[in-house]
Each structure stands twice: as C-alpha cells, then as structure tokens.
Amino acid sequence: MQATQTVNEKVQAAWNKRPLVISGPCSAETEEQVIETARRLAATGKVDMLRAGIWKPRTKPGMFEGVGAKGLPWLQQAKKLTGLPTTVEVATGKQVEDALTFDVDVLWIGARTTVNPFSVQEVADALRGVDVPVLIKNPINPDLELWSGAVERIARVGVKQIGLIHRGFSAYGNTEYRNAPMWHLAIEMKRRNPSIMIINDPSHICGRRDILMDVAQKAIDLDFDGLMIESHIDPDKAWSDAKQQVTPEALGEMISSIKWRKEDVPSDEFHSALEKLRQQINHLDDELMDLLGQRMKIAEKIGEYKKNNSVTILQTNRWNSILERAFAKGEKLGLSKEFITKYFDAVHMESINKQNRIMNS
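For the sequence shown, the working numbering gives the first residue as 16, with consecutive numbering after it.
Some hints could be false.
The calculated lysine-lysine pairs, modelled on DSBU-like cross-linking and capped at a C-alpha distance of 35 Å, are [to be verified]:
#	residue 1	residue 2
1	109	312
2	233	274
3	71	85
4	274	32
5	94	25
6	312	352
7	312	291
8	274	95
9	312	274
10	316	291
11	322	312
12	316	252
13	71	32
14	322	274
15	252	291
16	352	32
17	252	25
18	344	357
19	205	175
20	233	312
21	95	61
22	258	71
23	347	252
24	352	233
25	274	369
26	274	252
27	252	352
28	258	95
29	233	175
30	109	205
31	95	85
Label-pair ranges, simulated between beta-carbon atoms [what the hints assert, rightly or not]:
#	residue 1	residue 2	range
32	189	331	18 to 28 Å
33	310	249	52 to 62 Å
34	298	264	28 to 38 Å
35	237	190	21 to 31 Å
Treat the hints as calculated values from the structure; they're not laboratory data.
By construction, the Cβ of each residue, glycine as well, lies at the ideal position given by its N, Cα and C atoms.
Go ahead and model the full structure; you've got the sequences and the hints to work with.
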C-alpha cells in the first residue's frame, strides 16, 4: 500500500525560504539526542528544517548504519515540540513509505543512491502520486548525467518540488576535503536547471568542522539557495561523522557570521559599471578563443610532422617544459598553480585529440 502526503503551508514556507537552512545530527542515535538537538536548533532561530540520518548507507559493513525506522517517531515528536519540518534520507521504496507514515515532510536521496539508477527508480516508483518535496544529492562520482538522470526520474513520477544538494565528489588525489567540491560541476548543474533550488552541504565536503565556514561562505557567494549542515549536542561523541558536526549553538553563530549577499541591486550606476567590465571580459574571451584556435592549428601541423616521421604524439619532456614555463609565468600574473594545471591539461588533451585524428586519418 502506497503512502500519500500533501505539503502543508508551514513546510511550503520553509521550502520557499531563501536562504534555506537545514540542520540536525548525522545520525539519529536516541530519542533524547534527537529532541534535544531539535530544541537547541530551534532556539537559535536560524534553522528552517530538522534533518537526521535514520538509515545510514556506510562504506564498509560493521560501521553504524542507523537506528532504522524506530527513530522516525523521535523525529515526529521533535517536530511537534519545535515546529521544525523534518527531512530524512531514503534509499528504498520501503524507506519512503516508512518515512511518510511518520509524517516526514521532505525526503532526500543520498549520493550513494543517486549513483545507481535502479535505486533511484525504486524510490521514484514509491513516490508516484505523492505530493512531497524531494532533494537529490550529487552522485559520489563527478557525473552530471547521473545527477540529471535522477532529477528526471523523480520528476517523471509527478513530484513537482525537486531540489539539489551539492555535497562534493570523490576524487583521486584529493587531500584537503573529504569530498572535493568541484564547484564548476555544481555551477553547471545550476545553469542547466535554473528553476531548481540548489543548496550546499559543507559537512560532507569538508569532513571536519574547522573549514565549514569557508565552504559555506563560498557557496553563498556563488548564489546557492541555502545550506545543509550537520549538528549534534555533543559532536565529539557522535556515533557517525563526529569530526564534521557542530553544536546547535556553533551552528547558529556560523549562520549569523555568514555574509549573505544579494544576487542584484536596483542601481543604474552599478549595472552600468558592471556591464562595462563584462564587455571587457567578452572581448578578452573572444581574443582567447582566437588564440586557442591558432594554437590548435599549430598543434595539427606538429601532428603531421610526427605522423610523417613516425614519432609518438606524447612528448613527456616537452610537456613538462610547458608546465614549468606556465607555472613561472602564472605566478607572476597572480594565477594559481591549480588553475594553470587544469587549464593546460585541457589544452593539452585537445591538442592530443587533434593530433590523434591526424595520426589515424
């Protein structure tokens, strides 16, 4: 039997609020912990929705995988006491039904589920005919098509209110973050879906609380619609992801410290000055494209010489020389080594692709 639910006015108001702030423990551990966290979060006046992990899909067996459905009445009681709408992660059709049975207001699909179209479809089928908002986290791996596919599957069963959660991506060589932000992917997803809300999850990007503020501020500066940040009454003793959680009071202070910027200001002077600068960027971008086109034509000529002389496409010493020269030049121009690396990697791959076509033509 499929559960049904309609969105009440309070939930709708929270969903439409900008910025939207969602907080609560990584995992619901005990009834007392859930209710006390909710009380203290509500007392800050900074939180719009209460989150808690009920089912926890973990990387390895033997880790704490959540209390299960027995934690849903705790959330239900916390909502009654504080008035905060609730949201939980669901990964199966049964979890959807259980959550809606206990009046969970908003559901979210986690990164480990988004990556699997079969799982997303199972959740979607359970949501058919249900009027409940759904948030969709980006998949673990950096694949926008998987993320977009999850949105399409949920939309096709009639869910009208869909939002996105950017929680970072697994990446080889990533050391600073638990999950690399790869902001450009979130920005591209926002560009493709301008009418869909997107919020940022600094907790899962950072993996530690000392850099939460920096990531949260950057997300707001990039015009994200809100934040989901994990909060626990005693973070160091949390049963899961202890290092990335903060107390409700620290959460309130963080939200108060963020500089909330506007997307626009009604000033002709501002718009005029901005338009002039943007026109300068447009002209420079045109020049860059022309130069890149010329560079690729030279790369094609080099490819012809290599083909005629049976020389390999990749010349490691030459590539190292290009990078070293670029790093030195970039430093003088105030360009980061990370940017230079990404830029020249992209240029190099395009050159290789063009020379490869010539080699095999």
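Here is how each hint holds up against the structure:
1. 109 x 312: Given that 35 Å is the threshold and the Cα spacing comes to 58 Å, the pair is violated.
2. 233 x 274: holds, 10 Å
3. 71 x 85: holds, 13 Å
4. 274 x 32: holds, 17 Å
5. 94 x 25: holds, 12 Å
6. 312 x 352: holds, 26 Å
7. 312 x 291: holds, 32 Å
8. 274 x 95: It holds: about 32 Å lies between the C-alpha atoms, which stays within 35 Å.
9. 312 x 274: violated, 46 Å
10. 316 x 291: Violated, at about 38 Å.
11. 322 x 312: holds, 15 Å
12. 316 x 252: violated, 63 Å
13. 71 x 32: Status holds; Cα separation ~28 Å.
14. 322 x 274: Violated, at roughly 56 Å.
15. 252 x 291: It is violated: about 54 Å lies between the C-alpha atoms, which goes past 35 Å.
16. 352 x 32: violated, 39 Å
17. 252 x 25: holds, 33 Å
18. 344 x 357: Holds, at roughly 15 Å.
19. 205 x 175: It holds: about 17 Å lies between the C-alpha atoms, which stays within 35 Å.
20. 233 x 312: violated, 38 Å
21. 95 x 61: holds, 18 Å
22. 258 x 71: Judged against 35 Å, a Cα distance of about 17 Å means the pair holds.
23. 347 x 252: violated, 47 Å
24. 352 x 233: Between residue 352 and residue 233 the Cα gap is close to 20 Å, so the pair holds against 35 Å.
25. 274 x 369: The given pair, whose Cα atoms are some 46 Å apart, is violated under the 35 Å limit.
26. 274 x 252: holds, 31 Å
27. 252 x 352: Outside the cut-off at roughly 39 Å; violated.
28. 258 x 95: holds, 29 Å
29. 233 x 175: Holds - the C-alpha atoms of residue 175 and residue 233 are around 29 Å apart, at most 35 Å.
30. 109 x 205: Since the Cα atoms of residue 109 and residue 205 sit roughly 31 Å apart, the hinted pair holds (cutoff 35 Å).
31. 95 x 85: Answer holds: residue 95 to residue 85 is near 17 Å, not above 35 Å.
32. 189 x 331: 18 to 28 Å: 25 Å Cβ-Cβ, so the 18 to 28 Å window holds.
33. 310 x 249: 52 to 62 Å: Hint holds: Cβ distance 57 Å, inside 52 to 62 Å.
34. 298 x 264: 28 to 38 Å: Between residue 298 and residue 264, where Cβ atoms are some 50 Å apart, the hint is violated.
35. 237 x 190: 21 to 31 Å: Holds, since residue 237 and residue 190 (Cβ atoms, about 22 Å apart) stay within the stated range.
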